[in-house]
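Single-letter residue listing:
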Amino acid sequence: MTPASPTDGIAPIASNDRELRSYAGQAARRFAPLAVLIGLLSALAAIEPSFLSPYAVNVLADESSVILILATAQTVVILLGGIDLSMAAIASLASVLIALALPAVGPSGIVGVLALATLIGAVQGFVHTRAQIPSVIVTLAGLGMWSGLALTIAKTTIPVTAGYFAVGWLTRSSFGVPNSFSVALAALMVLAAALHLLPFGRHVYAIGMAERATLLSGVRVGRVKILGFALTGLFSGLAGLAMVARTSSGSPTIADSLLLPSIAAVVIGGTSITGGVGGLGRTLIGTMTITVLRVGFATIGLDPAYEPIAYGVVVIAAAALTIDHSKAHIVK
Amino acid sequence: MMPADHQGPVGSTPAATAQELRPWTPLLALIVLCLGFGLAEPGFATSENLWTIADRSAIPLILAVGTTFVILQGSIDLSIEGVMATSSLTFAMSVFNSRNGLDLGVFGLGLATLVGAGLGLLSGLLTTCLRVPSFMVTLGVWSTSAGIALLLSGDQPPLIKDPMMRALGLGRSLAVPNLFLVAVAVVLLGYVLQSYTRFGRYSMVIGGGEDLARLLGLPVDRYKVLAFVFAGFLGGLAGALESARIGLGHVDVGGGQMFATITAVVIGGTSLGGGRGGVLQSAVGTLTLAILTDGMVFVGINPYAQKAVQGALILLTALGATWPLRHRLRIVK
Amino acid sequence: MKRAMSCPVAMMACVAVIVVTAAPAAAAEPVCAKSEIRLVNSMREIAQPYHANLEKGGRWFAAWAGLEHYVLQLNQGDSDKQISLMRLLLATNPRCTVFNVEPNADLVVKPMIDAANRSGAWIVTHWAHNEGLHPFDGNDHWIAHIAVDSLGAGAAISKLLVDAIGRTGGVVALQGRLDTDPARKRFAGLQQVLLQTPGVTVLDQQTANWDRTAAFPIMQTWLTKYGDRINGVWAANDDMALGALEALRAAGLAGKIPIVGVDGIPEAIAAVEKGEMIATVSSDAYYQGSIGLAMGTCVLTGQVPLPASWPKENREFYLKLVVISRDNAAQYLREPEPAAYVDDWQCDKLWSRSTGKAF
Amino acid sequence: MTVPVLRVEGLSKSFAGVRALDDVSIEVGSREVIGLIGENGAGKSTLLKVLAGVLRADCGRIIVRGTPISPANVAAAATSGIGIVFQEQALLPNVTVAENILLGHERRALRGGFYDWRKFYALAAKQLDKLGGGISPSALTATLSFAERQLVEIARALAIEEHTRHEPIILLDEPTSMLDANGTETVLGQIERLRRRASIVFVSHRLDEVVRVSDRICVMVDGRCVATRNRATCSIADLERLMLGHKLDAECQQQAPSPTLGPKVRLSVRALGRNNSYRGVSFELHAGEVLGIAELAGSGGESLCRTLFGVERADAGEIVIDGQPVRLREPADAVRLGIGYVPAERRLEGIVGGLGVRENMTLAHLDELRRGPFIDLAAERKLVKSWIERMHITTPTADTPAQDLSGGNQQKVVLGKWLIGRKLKILILDHPFRGLDVGIKAEMFALIREIARAGLGVLLVGDTVEEVMALSHSIIVMKDGLVSGHFPASAAKPSRLQVLERMV
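Protein chains in written order, with this note's numbering: chain D, 1 to 332; chain S, 1 to 333; chain L, 1 to 359; chain F, 1 to 504.
I should point out that these hints are in silico values taken from the structure, not numbers from a laboratory.
Just so it is clear, CB atoms sit at the ideal spot from N, CA and C, and this is done for glycine as well.
Keeping only pairs whose Cα atoms sit at most 35 Å apart, straight-line, the calculated DSBU-like set for lysine-lysine is:
| id | chain 1 | residue 1 | chain 2 | residue 2 |
| --- | --- | --- | --- | --- |
| 1 | S | K161 | L | K56 |
| 2 | L | K274 | S | K161 |
| 3 | D | K155 | L | K56 |
| 4 | D | K155 | L | K159 |
| 5 | D | K155 | L | K256 |
| 6 | S | K161 | L | K256 |
| 7 | D | K155 | L | K320 |
| 8 | D | K155 | L | K357 |
| 9 | D | K155 | L | K312 |
| 10 | L | K357 | L | K34 |
| 11 | L | K159 | S | K161 |
Among chain D residues calculated to face chain F with C-beta under 10 Å, some are:
| id | residue |
| --- | --- |
| 12 | I207 |
| 13 | R212 |
| 14 | G222 |
Model the full structure from these sequences, guided by the hints.
Laid out in structure tokens, this is it:
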């Protein structure tokens, strides 16, 4: 006998909502994130035309790359119904290790660091599933431990004294597109393909929507989740790599300021924070929106003192416009 | 913030569930820590140092109480730091200060808390009316209020010259730091609200099963807004008191408090999924963190290892609380 | 597929290289009309007095020089953002843009220099940067780096402190964020002084991340731990010093235990004047906020030759610091007049506050 | 008959096309007990939910004491004197029993805005005492046993008396289904007591109870109220006929075809036990055999099924599949061994509502549909299409979200999810017909027989004895976690009575 979930008796209400929801509204929701982005861009461009100049767009793309990498993997975990607060910390740790490894062992060091980052993520996933501790707590703990570790390893910024060539290419452009962005985009596409073509992807969505039913369909939920967190680990490593390339140094706090923006990017893209609904296409758009928000106001010459206010207002507005309520009738 | 499936473990034995509802591990961790540091450093157990810890934990306690109600309902409040900043500036500029002629004294304190409550109201209304997850709303409110604080602060942070307020922030009454007294009062208030008012009980109910609460026709939204207002109110109070202590209105007055508070609440055993935990648990969690930090300064541990130790502590307490409850069908997000 | 791509890639690379190398060459002579010149102050924030004064200095110079394009860029402690903001601004009119940069962290300097070199904008940096990086190593658009001798500053206040406590006893030290150069160097300065005064020992040292609110409880803990064994308090900046001061005030010890700090922010100077602190060191924020812009303007208006031709010691030098103690505190209490700096901004006096090469 | 306190006129309600209520009209007189009977899915629960404000009717009127009402939620219904005990429990696990009982009506226990807990508990205790269950009002709800929680549910409904001036109308949706004999007695006793001051609508699948307490009995079939009988003038027998009359001929009468059992033993269970669910269960399931478990809900059969699918751990005994002893750590293990499971809680455990029919049907066997590492979408579409046709699943498209299908078709999807698998050997059906309309049910019957003929072993836990007897070759009767009767296929078919007497 399954003891009462308080919600048991109420299922029909949900089904009513579903019956009532308008499909036109659905369609509108689909494209809301894109609309918001376009609206934002055109507004900014109207004030400062140079904002859409090829050069500026190029810079924006470059700026978005790190957040994009973080948000991409974050999307998978959020689709699973969890969250990873430790990504930025792992990225910072990775940046430090890479900065140390490049001079010491050369490019091969990068591979090692990425492997380590992946392992860290996997371990967090393992603890989350095996000990059945909510991912938000496990990764909150991770946030503390990994950044603490990074700070103890490197009390300070570590310049890449040798072997920078191994990462430097990320800062250049090919075909007028910054390599860092191309790489991030490629990573996103690979993952998107995986989500749509591999059983893994099918399982991710199923778990996010109905973990029990998925478990009772013989899906090894634990494994899928661990894989998801391994991905966040790997992508955190990549983010760290990108930061090293950009600043030609590693620092224990280098990526910290990117944690909340990267999560916000996922949510503003319209992926439901309760899991199961959304996708990487949305995250791409969300990331662009967040990036524009981060730097846009300064470029249109808004008094910096008003910048945070504008940022806050627009974030809420964007979220209000893009979040799809029909899927989850409880908002927390 | 996170959706937590409250589907209990299949065939869960009452024992397990009871455990789930009041885990003793946090208190245990607290005691172990005290003993540990006490043995490691004889000077630690002195009454003087305990008062220092009390003083150190005053502000976090106030913040934790407010946040607890929001989290009990299953929402989250990220705006603490912004709220503190705004109220700090409001406070500093409304009591006798170096910036303007105002000298509202206690009313300045009231004003600051009102500002906090106002920001809380904003968060609450935005979540309930626009149905935007509190995570995003409070993220936005954080940034906005921080911006407001920045504007207020201008280029010279206002110094607080009101002796009474400074005394409140720095002074002690019979060896007990005033701020700690305030904090204790707030904790008691929180406890009373939680266990003797509909606000508190409904917060529990909403966290336990929001859709059931709605089905039964409870005014869920009203109490959600109320929780944010209360959190904002205490955030404002904390901001004001902190600046009364350091003697000026400061934009970074709440620096790092957001993660610290949430961590404390979680360590205390309040579930981020909502419906489980309470004010006292959060208080325990906060004290644990305070003692941890103080103790590590005391024994001179590298400040950066401290972050790691905190992380480890979160994990251990969580482990202790959930390990006995593991079940094949237990859904944990 | 790969082979098909590699060729264009190579071409692109060539183009890129050419552009990069060509940019400075192309920018070798241009002298901008005053109306084109754009001044940018890039700093952390403006909530702290130090930064507020940086900003004031910049605005004062712009007004004095009659340049209407003055831009303020704040990164709120987000290094990534500091870089992005600069690069985005360079979308327009880079060649006539001058950046005066207070780096949020050492690591932002290199990318900002690269951006300048690529786009042809001009940049002056302050404080510190990663080792092995110099304006005169082909960074033609990096006009100069004006270093602050943090070690000297740390040493200066330490001397005053040990003298104040009679060259014997115990002190506690509040460090800044350890991942910043000034934090490390200032503390090194203290250690240096202590080597010569064996009588004084550091009872304990912790970081308070430059932060007043963080310094307060740490100081409290120390007071309970060491009690009257604490004869003096050393802080890596004034904010932390003032936090410690409040902790002392709470214990009724304000003014009884000497405190030293760095930065020379008004409150600290006031405290020094009152005798609650004994000294602080000022790098003169107003000057730092304006001198870089002045240099750039002189270059762009052709009043000085292109930096590439300057002697090394003019490209990377230490800034004169003022030690403010009780006897001279009074004169720094009031906010200075813009006029007081006009002399420093003259194109022939750009190096008047240099205390020698910093490499 | 007295003047009706509650009159229902032409109530209709459909879910995604399926008619749950079809022009239902009934009257409840004051202090009258109306028994509502009918098969699962006949619409009893739906009717009650509409009356209690959980659901909105598509059309029709609800008139309480002459005034039409359309309650928006349970609280609203309560104000017009209607209280309900849900079939699935709707209690908050994380607050006290008292709070659950008085939820929304705390006002009376407040003093100056603050809870007066003594008064609060007293008020709750007053309700609990009516049931005599010895439950402490201050206990945390989550710490109660299932039966205890059921009593709390009832107490909450009884509390209505306090909230309304008029005599309350109390709706009881299978309040006894989960209770043991004593529990049942208390509840029936309550109804007897209540009828002196309240009108009651009482739903139960236990006809004897209904006949015992009701003044009038309304028989529902396929969302319609087909007949109303006075207690005086009806017998259990003819109620049964009314209830599943045509079906008695349609399915239940036609006995399972004489066992064409393969000699092969698919699954054999030896002295299996799980702490407080069941003990010493042993049986063999042959290829082509349908083994039915007849029990009153909660007697251990369901838990047994979940053990055999690796959801719950067994503490004793062993499970042998095709001669190999196996350990089932998680459902995935069971699936790999060729076991399929159709859970009782379709909505929560059967389908992934948000995913399309196709994704649902292939969820368990994606590995069999791979080309290289990728899902072979073409093959998947083809396979699903064929099964949709073969199982007559009515769905707009193969990609319609499963949650938008009717219950019956959802159940077919769940079943299809397993049939698709190539290696399927054993199928466990846990109350597979819950809430299915008759048509679908008949189809499912046919399907299951076909599956068995195809050589699978089928383990079935049914809602009613009829189902079990109609489908099974051999029958196990379970009572309080023990096997109280075993009628192997070889032996003669037991009579319904033989089975029933071992159940209760």
